[in-house]
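Quick mapping for you: the protein sequence lines, in order, are chains E and V.
Quick note: the first sequence uses this note's numbering, first residue 1, plus one each step.
Quick note: the second sequence uses this note's numbering, first residue 1, plus one each step.
Mixed in with the good hints, there may be bad ones.
No copy labels: a pair is met if it fits in one copy or bridges any two.
[To be verified] For lysine to aspartate or glutamate, the following DMTMM-like pairs were computed, each having C-alpha atoms within a straight-line distance of at most 25 Å:
| # | residue 1 | residue 2 |
| --- | --- | --- |
| 1 | K6 | E215 |
| 2 | K293 | D44 |
| 3 | K107 | E228 |
| 4 | K293 | D33 |
| 5 | K282 | D359 |
| 6 | K16 | E146 |
| 7 | K328 | D231 |
| 8 | K189 | D291 |
| 9 | K281 | E77 |
| 10 | K386 | D46 |
| 11 | K282 | D44 |
| 12 | K281 | D359 |
| 13 | K107 | E299 |
| 14 | K92 | D110 |
| 15 | K164 | E299 |
| 16 | K164 | D98 |
These are calculated hints, taken from the structure and not from any lab test.
Number of protein chains: 2
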Amino acid sequence: MALDRKTLQNYILTYKSGLLENILPFWMKHAIDLTDGGFTFCLDRDGTVIDTDKGVWQTGRFTWMLLTMYNEVEQREEWLKMGKHGINFLEKHCYAEDGKMYFVVNKRGDPVRMRRYVFSESFAAIAYAAYFRATGEERYREKAREAFDTFVTYNSTPGLIPPKYSIHRNMRGMGGPMIGIVTAQELRKNLADESYSTHISTWIDEIRQYFLKKEFRAVMENVGQQGEFIDHFDGRTLNPGHAIEGAWFILNEAIHRNFDPELIKMGTTMLDWMWEIGWDKKYGGIYYFRDVKGLPVQEYWHDMKFWWPHNEAVIATLMAYQLTGDQKYATWHQQVHEWAFNHFFFSLFGEWYGYLHRDGRISVPLKGNIWKGSFHVPRMYLMAWKTCEELLQSINRSK
Amino acid sequence: MALDRKTLQNYILTYKSGLLENILPFWMKHAIDLTDGGFTFCLDRDGTVIDTDKGVWQTGRFTWMLLTMYNEVEQREEWLKMGKHGINFLEKHCYAEDGKMYFVVNKRGDPVRMRRYVFSESFAAIAYAAYFRATGEERYREKAREAFDTFVTYNSTPGLIPPKYSIHRNMRGMGGPMIGIVTAQELRKNLADESYSTHISTWIDEIRQYFLKKEFRAVMENVGQQGEFIDHFDGRTLNPGHAIEGAWFILNEAIHRNFDPELIKMGTTMLDWMWEIGWDKKYGGIYYFRDVKGLPVQEYWHDMKFWWPHNEAVIATLMAYQLTGDQKYATWHQQVHEWAFNHFFFSLFGEWYGYLHRDGRISVPLKGNIWKGSFHVPRMYLMAWKTCEELLQSINRSK
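Full structure from sequences and hints, please.
Here it is in C-alpha cells:
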C-alpha cells in the first residue's frame, strides 16, 4: 500500500488530536505533584495515584517531553512551567552525593533506590538540554553536558558499573550505545553543538560491528566483547522492540547526515530483520523477547505485548517509508498502528494500557508505574504526526 | 469431601509412580553432566540441553533431593552416586574465594554470576546435611553447618548483603526467615541436632510478629523493620504460593513439636488467607502475585501460573487436612492437584512444564532453566506420597 493524501490526513488527525487532547492532558491532570514537586507516574486506569514513588527515568523523560512540545510544537506556558517543575525536582532530589542519580525517590524526594546503571543520567541530560533551548539559561547547557558525561564515563570505564556477570560471561549490551545515540542526538539539536556527532558515529559503528548478525538476520541484545555469539539464554535472547527502536535512531541519523544511504540501509535492515522475528503472525503485535535460534526463552513475560515496542515500531515503519518509499513499510505501519490502537487504547480515561497478554487481552489495567510514564506513547504521537505531515507536504509539492 | 481409602490409594499411586517412573528418571537421564561434573538443568520439553550453564541453587537442591530419596525412600546406589556427583561439583566449583557461593557457573564450573543473596548457601547446606546422613562422613556435617552459618550471618548482619533500597524504604522480607526455617529443619533432622530448633523458633516468631496481618487477612512478603505496612507496590505485592509454602514449613514444625496447636493454627491461617487471595476463581490455579488492596500489580507476570506454587499448595493442603481433619483442605487439595496435573503435566517426555498463562495455556515449553530444576516437583511428589500413606495408615488403624 501507499500512504495517499487522505490516509495521511487521517493519521495526522489521530496523532495530533490524540497527543493534544488525550495523552498529554491525562498526565497533566493526574501526574503532577504540586505539594512535593515532581511527578507521580504510578496511575490506575482512571488516573488515580496507586503509588506515590517517583521514578527518576520517568521524571527526566516527561520533563523532556513537555519541553519538546514547547520547543517544537507551540510555546504554551503550561508546558514550560511543568517542564521547569520537572527540572526543579531532578536538581533538588535525584542526585546522590557522588553525583550519580537515583532510580526511584519517594513522594518527598528522599532516595528509595539507586541502581548501578546510568540511564537516569541520560534522561536527565535530554531534559536539561530541552530546557536550555526553551530558556537559553546557560546553566542548563552545563547540566546537560555534565549528565551526558557521567553517562559516557560510566559506560566506557570498565568496572565503574559493577558488572553483573564474571569475566567468564563478559558481555557488551546494545542498550548503552543505543541510548547514547538518541541522547547525543538530542543534545546536538538542543545545545546546537555538532561535536556530539563524533559520539554518535562511534556508537553506530559499535552496533554495526558487534550487534548486527547477518548469519541470524538479527540484531543481538548482548554479545561477547568482540561481538562473539553467546549461545546461552543471555546471548540468544532478542528484544525486537528494542532493536526496532534502535533502527529509527539510525534512520534519524541518516536524515541528519543528508540522507546517508549507508545509514538508511543499516536502519532498514535492523527493522526488516526484527520485524520478521518480532511480529506475532498468529495474534498480531510485537513479542517482548524471542530466542535467536527459536528455542524457549527464559524470561517469563517473553510473549506479552508491551506498549512501547509498538510505539517504536510505529515510528520506525513510518520513517523507513519516508526514507525509502518502499510500500511494505506503509503496510507494516498500518498493521502495527491498527493492532496497537485496537488493543492498548481505550479513550474513556485517556492514555494507553501498558501490558497485554500475547492474544491482546489486558493483563493489568494500570496506566503508569516505575517503568511506564509519559514518554514512549507521546513521543510516538509527536513523531508520527510530524512524519505524516512531512509526507503530506511532499505529496503536495510533487503534484 | 473426605479422603477415603480408595482416594488415598489412587493419590499414592500417582505420586509414587510419578516420582519414581517419570520425574526422577527425566532428570537422571537428561541433567547429569558426566564430562564436567554437576548438572545441566536448562532443558527443552524433550530433555534436550538448551543452555549448559549450571545454577547453584538447583545444584544444591537436586543433590538434596537425590540424597533424600536415598535416606528416606530406598538406598539405591544410583541416588547416592549422583548425590555425591552433585556434592563434588558444589565443593569444587561453587565457592568464591571469600567463601560465598555463586549463583550460576558455566559448564566447566567457572563462575558466571554472583548475587548478593545467600540462598545458594542454604541449598548447599541441606545437600551436605543429607550427604552426611547418607554416609556418616563427618566432614559434611561441618560443611552443612558452615553453609548454614554463612546463610545466618549474611541475613542477620545489617549491610552484609548490600541493600537494594535506601533507608527510606527499609524493608524486611519473608524469604530469609522462611528459607531459614526449612533449612534448619533439614539440618536438625539429618545432623540429628536439636539445637537448630532455637533458630526455627526465632524465625517463626519473626513471621508471626511482622508478616501476618489480620487486618488484611494476608501474609505479607515485605514489611517495614517493625512490621509496618508499606503502601507501595513494594509492600502491597503478595506472593500467595510463597506464603503457602511457608504455611507448610510451619505445619511441619507443628508435627515436630508434638502437634503444637498454636503452630497448627498459625500454619492453617496462613494457608486459609493466601488460598483465598491466591486461587484464581475464574480460571483455576494460583496467581503468582496479588496486590493486598486489590490494586494493579507492577510485576509483569503477576497473573501467570507457575509450577511451584501448585507444588507447595498440594503439600500444604494435604498437611492441613492431616493435622485438622477439616474436609475443606481435602477439597482444596483435590482442586489444586487436578488443576496442576491437567495443565502442567503431559507425560510424553516427562516432568512438568513450568510457566503457564493465566488461563492454563503453556507459555513456554521448557522443562528447566536457571529457576526451575529438580526440586519443587519431586519434593511435592515425595511429601504428598508420604502424607497420603500416613493418612491411609491412620484410616487402617482406626478401622
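To see whether the hints hold, each was checked on the structure:
no.	hint	in the structure
1	K6 with E215	neither (41 Å within a copy, 59 Å between copies)
2	K293 with D44	between (38 Å within a copy, 13 Å between copies)
3	K107 with E228	between (44 Å within a copy, 18 Å between copies)
4	K293 with D33	between (47 Å within a copy, 23 Å between copies)
5	K282 with D359	both (9 Å within a copy, 18 Å between copies)
6	K16 with E146	neither (34 Å within a copy, 65 Å between copies)
7	K328 with D231	neither (33 Å within a copy, 49 Å between copies)
8	K189 with D291	neither (37 Å within a copy, 44 Å between copies)
9	K281 with E77	neither (45 Å within a copy, 50 Å between copies)
10	K386 with D46	neither (29 Å within a copy, 51 Å between copies)
11	K282 with D44	between (30 Å within a copy, 22 Å between copies)
12	K281 with D359	both (11 Å within a copy, 21 Å between copies)
13	K107 with E299	between (31 Å within a copy, 21 Å between copies)
14	K92 with D110	within (10 Å within a copy, 44 Å between copies)
15	K164 with E299	both (17 Å within a copy, 21 Å between copies)
16	K164 with D98	both (21 Å within a copy, 18 Å between copies)
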